[in-house]
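Engineer: Heads up: the protein sequence lines correspond to chains A and V, in order.
So in the working numbering the end of the first sequence lands on 523, straight run, no missing numbers.
So in the working numbering the end of the second sequence lands on 523, straight run, no missing numbers.
Hints are computed from structural coordinates only; laboratory data are not their basis.
Any given hint might turn out to be false.
Same chains, same names: a pair is fine if it fits in one copy or spans any two.
Think about it this way: if two alpha-carbon atoms lie no more than 25 Å apart in a straight line, the pair counts; the simulated SDA-like pairs of lysine to any residue are [claimed, not checked]:
hint	residue 1	residue 2
1	Lys463	Arg289
2	Lys270	Asp248
3	Lys270	Pro246
4	Lys463	Phe354
5	Lys385	Leu148
6	Lys490	Pro131
7	Lys151	Arg383
8	Lys268	Phe386
9	Lys387	Ala211
10	Lys387	Gln154
There are 2 protein chains.
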Amino acid sequence: MNNLSSRSESYLYEQVVEKMTGLIGQGVLRPGDRIPSVRRLSLQMHVSISTVLQAYLLLESRGLIEARPQSGYYVKVRAEKIPPEPRTSTPYASATPVGVGELVSKVLQAASHPEIVPLGAGVPSPDLLPVRQLNHVMAAIGRRRGAAAIGYDFPPGNEGLRRQIARRSLDWGCHLSTDEIVTTCGGMEALNLCLRAVANPGDTIVIESPTFFGVLQVIESLKMKALEIATHPRDGIDLEALERAVKRNKVRACILIPNFNNPLGSCMPEKNKKSLVEILARREIPLIEDDIYGDLYFGVTRPKTVKAFDKHGLVLLCSSFSKNLAPGYRVGWTAPGRFKFKVEQLKFMNTLATASLPQMTIAQFLDSGGYDRHLRRLRKSLATQVQRISLAISRYFPEGTRVTRPSGGFVLWVELPKSVNSLELHRKALREKISIIPGCLFSAKKRYQNFIRLSCGHPWSDRLEQALITLGRLAGKD
Amino acid sequence: MNNLSSRSESYLYEQVVEKMTGLIGQGVLRPGDRIPSVRRLSLQMHVSISTVLQAYLLLESRGLIEARPQSGYYVKVRAEKIPPEPRTSTPYASATPVGVGELVSKVLQAASHPEIVPLGAGVPSPDLLPVRQLNHVMAAIGRRRGAAAIGYDFPPGNEGLRRQIARRSLDWGCHLSTDEIVTTCGGMEALNLCLRAVANPGDTIVIESPTFFGVLQVIESLKMKALEIATHPRDGIDLEALERAVKRNKVRACILIPNFNNPLGSCMPEKNKKSLVEILARREIPLIEDDIYGDLYFGVTRPKTVKAFDKHGLVLLCSSFSKNLAPGYRVGWTAPGRFKFKVEQLKFMNTLATASLPQMTIAQFLDSGGYDRHLRRLRKSLATQVQRISLAISRYFPEGTRVTRPSGGFVLWVELPKSVNSLELHRKALREKISIIPGCLFSAKKRYQNFIRLSCGHPWSDRLEQALITLGRLAGKD
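Produce the entire structure from the sequences given, and follow the hints as far as they go.
Structural biologist: Structural data, given as C-alpha cells:
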C-alpha cells in the first residue's frame with residue numbers, strides 16, 4: 046500500500062505537504078496563485094518527482110489546490126476560506142477523576158435516531174459500507190460452516206481473523222504473529238481489557254487533551270484518574286509536556302490515539318512516535334495505542350503505528366472494524382505485547398468470547414481482498430466529506446471559528462467563539478433534530494466548553510448543509 | 046407453558062416428586078416394586094390426577110420409574126444403581142480473594158478442540174441447536190435489513206429482542222417491560238456489569254458453594270472477595286447459613302444461580318426463593334440472579350425466578366441465549382431493577398454495544414415460535430443425556446462415588462472418593478483426549494479437590510461411553 050520507495054521519501058513527503066499547507070495557510074500563496082511546479086519543487090527540496098506529485102494529490106484532495114490542465118497547480122479560490130486551526134491545548138497539570146459517562150450515553154442514544162441529522166456519533170454511514178457484500182459473505186459462511194458459526198470461539202479468538210490482522214500489520218510497520226493478537230467485542234473492550242491489564246483503581250493515566258470520550262469512560266468506569274497532556278492539532282501529543290508530566294507524576298499508563306486522534310485528527314510524525322516510545326520505555330510505562338482510524342488516511346501512505354517502534358513489548362495496540370467496515374459486528378482486537386496473557390485472561394472474565402460469525406465474516410472479507418477495495422473507496426469519500434463540511438463551516442459559522450485539518454479519520458474539531466456554550470448548543474441543536482457532540486465530553490476536566498466535534502461520516506447532502514446553516518445560526522452567526 | 050392449574054398444584058407436584066424420589070432413594074420402594082397408582086396417590090395426597098401423572102412423567106424421565114402397559118408404574122431395575130447424592134457443602138465462613146482465572150481459561154481452551162471428548166465446558170452440542178434455522182433467519186435479515194444489521198444498536202440494545210424477553214418473562218413469574226432490559230455480550234458481561242453496578246473492589250460477595258467458575262472469575266477480575274455459603278445439592282443455598290453470614294459479615298451483594306445451579310443442578314423451592322428475597326431486602330443487599338439454565342427444566346413447569354418475588358428492585362436478573370440456542374452469538378441480557386441506569390452506563394463503557402445481527406436473529410426466532418419448539422426438543426434431549434451419563438457413572442466409576450440429581454440444565458457434579466485428586470484426574474484425562482472440569486474451579490478456596498463437573502451437553506455415543514469408562518479407570522475403578 047506504500048507507494049513511496051523508502052522511509053526517507055515518506056518523511057520528505059510529509060515535509061512537502063507541511064510546507065505547502067503552511068504557505069497557503071499563512072497567505073504567502075493566495076487563492077488563484079500558481080504554486081511551484083512539481084519539477085521545480087522536486088529540485089528545490091531534493092525530493093523525487095513522484096513524492097511531490099503525491100503530496101500535491103493530497104493537497105488537492107484536501108481542497109487546498111487544484112490542477113488546471115496544461116498549466117499546473119493553483120491555490121484554490123475557496124481554500125483561504127477554511128478557518129484557522131485551533132491552537133495546541135493547554136490542560137491543567139493535575140490528574141482528575143472522570144465523570145463523563147452519563148452525558149456520553151445520552152448523546153449517543155440521541156444520535157442513533159434516523160430522523161436526527163447525524164453530525165454527532167462517530168459512525169460511518171451505511172451508504173459507505175459494503176453492506177451487501179458482507180451480508181453475502183455471512184450468509185455463505187452460515188450455509189457452509191453453520192455449526193462453527195453458532196458455537197463458541199474462545200479467546201484469543203478466531204484464528205483466521207487473527208492471521209489476516211497479522212498479515213496486514215506489515216503495512217503499519219509491525220510484524221505481528223497470529224498468536225500475539227486477541228480479538229474483542231469492539232474497540233471499547235480492547236481498551237478496557239488493556240487498561241485493566243496494566244493499571245489499578247486510583248492510578249494515573251496519561252491521555253491527550255482533547256481525547257475520545259470512550260477513553261475517558263474506560264478510565265472513569267475503572268475508577269482511575271486521567272492526566273491530560275497538551276496536544277497539537279496536527280502533530281499530536283506534546284512530547285515535552287509529556288516528559289514533564291511523567292517526571293512530576295506517578296504515571297501508570299498512557300492511552301493515546303497517535304494516528305488521527307479523535308477529535309483532533311492529528312497524526313504524530315514518525316520521529317515523534319520514536320521519541321514517545323523512548324520516553325515511556327525509560328520509565329517502563331505501558332502505552333495503550335488506539336489505532337482505530339489508522340486505515341482511514343487521506344494521504345498516500347498508511348501511517349505507522351507507535352508499536353512499530355516498540356522494542357520492549359510495552360505497547361498494547363488496539364483497533365477494531367467499527368469505524369471502517371461494520372460497527373454493529375462489534376469486532377475489535379488488541380496486540381498487547383508483554384501483557385498478552387493477562388489481557389487474554391481478562392477477556393475470558395469480561396465477555397468469555399467474541400461473537401463467532403462476525404469474526405469469520407470479516408476474516409473472509411479481508412482474505413478475499415474485498416476490504417482493501419472497500420477502503421480505497423471509503424478513504425476517498427471521507428476525505429471529500431471532511432472537506433465539504435470544513436467549507437460549510439467557513440461559510441456558515443460565526444467569525445472567530447477555528448477548525449482542524451485532519452489528514453485521516455472523519456471528525457472535525459471546531460473551536461467556536463468563547464461566548465458559545467457548546468453543551469447549550471448541543472441541546473438547542475437536538476431540538477432542531479441535529480446531533481453534535483459538545484467539547485466538554487472530550488476532557489476529564491470538562492474543558493472545551495466552546496468546542497464541538499462534528500462527524501463527517503455521512504455523504505454530503507442538502508439536509509447536511511441545512512443542518513450546518515442551522516448550527517451556524519445557533520452558534521451566533523448573524 | 047405451565048400445565049398445572051394453580052400455584053398450589055405446582056407446590057403439590059413438587060411434593061409428589063420429592064416423596065416418591067425419597068421412597069425410592071431410601072430403598073423403601075425397591076427395583077421392580079410397583080408404586081402407588083396415579084389414582085391412589087391422588088386420593089392419598091389430595092392432589093389432582095393430572096398433577097400426579099405429571100410427577101410420574103418426571104420420575105420416568107429421570108429414570109427412576111418405568112411404565113408397564115396395562116399394569117402401572119414400577120421402580121426401574123437400574124434406578125438404585127445411581128450413586129447417592131453429594132451432601133450439603135460446608136464451606137469455611139470467611140471471605141476470600143479469588144484466583145481461578147488462569148486455570149479456567151486453560152480448561153476451556155483445551156475443551157474446544159474437536160478431537161477432545163467434550164465432558165468439560167458447559168456447551169451444548171451443535172447437533173442439539175437449530176443451526177440451519179438460525180442461519181436461515183440471519184441470512185434473510187441480512188437481505189431485508191442489511192444496513193441495520195451492520196450498524197450500531199446502542200444500549201439498552203435491540204428493542205425487538207427486549208420486547209420478546211419481556212413477553213417471555215411472564216413464564217417466570219415476572220412482568221418485565223421492554224424498558225427494564227439491557228442486552229449484553231453474553232451472560233458473562235451481564236454478570237460483570239451488574240456486579241460493577243452494585244459493588245466495589247474489596248467488597249464481600251456471597252456465592253453458593255460450589256458455584257460456576259465464571260462467577261468466581263467476575264469477582265476475581267473486579268478484585269472483590271467471595272464468601273461461600275453452604276448449598277444443598279437439590280434445594281440450593283442454605284438460607285440459615287446465609288442469614289448467619291449476612292449478620293456476621295458486611296455483605297455487599299449476592300450472586301446466585303437459583304434455578305439449576307451450575308454445577309449442582311439444584312433448584313430452590315419457591316418458598317425458599319420468597320424467604321431469600323426477604324432476608325436480603327431487610328439489609329438492602331442486591332441479588333444478582335443468574336438464570337441462564339432456567340429454560341432448561343426437565344419437569345413440566347418452568348421454575349420461577351427469584352426476581353418474581355422481588356418488591357424492591359433489588360434483584361438484577363441475568364441470562365443469555367448461550368446455553369440453549371447459540372453460544373457463539375454472544376447475546377445475553379439483564380433486568381437490573383433499580384440499578385438499570387447504572388448498568389446501562391457501564392454497558393456503554395465496557396463494550397459500547399452488543400452485536401446487532403445476532404440480536405435481530407434471536408428476536409425473530411423467538412417471535413416466530415421457533416425457540417419454543419426448539420426448547421421442547423432440547424429439554425428432552427438434555428434430560429436423557431443427564432440420565433445416560435448418571436447411569437454410566439454408576440456403572441464405571443469407583444465405589445464411593447456420589448452424583449447429583451439435576452432437575453434441569455445439563456451438568457452433573459460428581460463426588461469421587463477422597464483419595465482422588467481431580468486436578469490430577471483432569472490432566473490425566475486430557476492426555477486421553479477427554480475434557481472434564483476439576484472441582485477446585487468451583488470454589489474460591491479451591492475446595493472440592495475430589496469433585497469433577499461433567500457436562501452432558503452432547504448426545505450419548507459410544508465415544509462418550511468409552512470416555513466414561515476411561516475416566517472411571519483413571520479415578521481408581523478396578
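Engineer: A separate judgement is required for each hint: does it hold in the structure or not?
Structural biologist: Structure-based check of each hint:
1. Taking the shortest Cα distances, Lys463 and Arg289 never come within 25 Å of each other, neither inside one copy (29 Å) nor across copies (61 Å).
2. In this assembly of identical chains, Lys270 and Asp248 lie within 25 Å of each other by CA distance both inside one copy and across copies; the values are 6 Å within and 21 Å between.
3. In this assembly of identical chains, the alpha carbons of Lys270 and Pro246 lie at most 25 Å apart whether taken from the same copy (8 Å) or from different copies (16 Å).
4. When the C-alpha separation of Lys463 and Phe354 is checked against a cutoff of 25 Å, the pair qualifies neither within a copy, at 40 Å, nor between copies, at 55 Å.
5. In this assembly of identical chains, Lys385 and Leu148 lie within 25 Å of each other by CA distance solely across copies; the values are 16 Å between and 33 Å within a copy.
6. When the C-alpha separation of Lys490 and Pro131 is checked against a cutoff of 25 Å, the pair qualifies only within one copy, where the shortest distance is 19 Å, while the shortest distance between copies is 57 Å.
7. In this homomeric assembly, Lys151 and Arg383 come within 25 Å of each other (Cα to Cα) only across copies, at 19 Å, whereas the closest approach inside a single copy is 37 Å.
8. Proximity of Lys268 and Phe386 under a CA criterion of 25 Å is satisfied in both settings, with 23 Å inside one chain copy and 18 Å between copies.
9. Within a single copy, Lys387 and Ala211 get their C-alpha atoms as close as 20 Å, which meets the 25 Å cut-off; across copies the closest is 37 Å, which misses it.
10. When the C-alpha separation of Lys387 and Gln154 is checked against a cutoff of 25 Å, the pair qualifies only between copies, where the shortest distance is 15 Å, while the shortest distance within a copy is 33 Å.
Comparing the model with each numbered hint stated earlier shows that hints 1, 4 do not hold.
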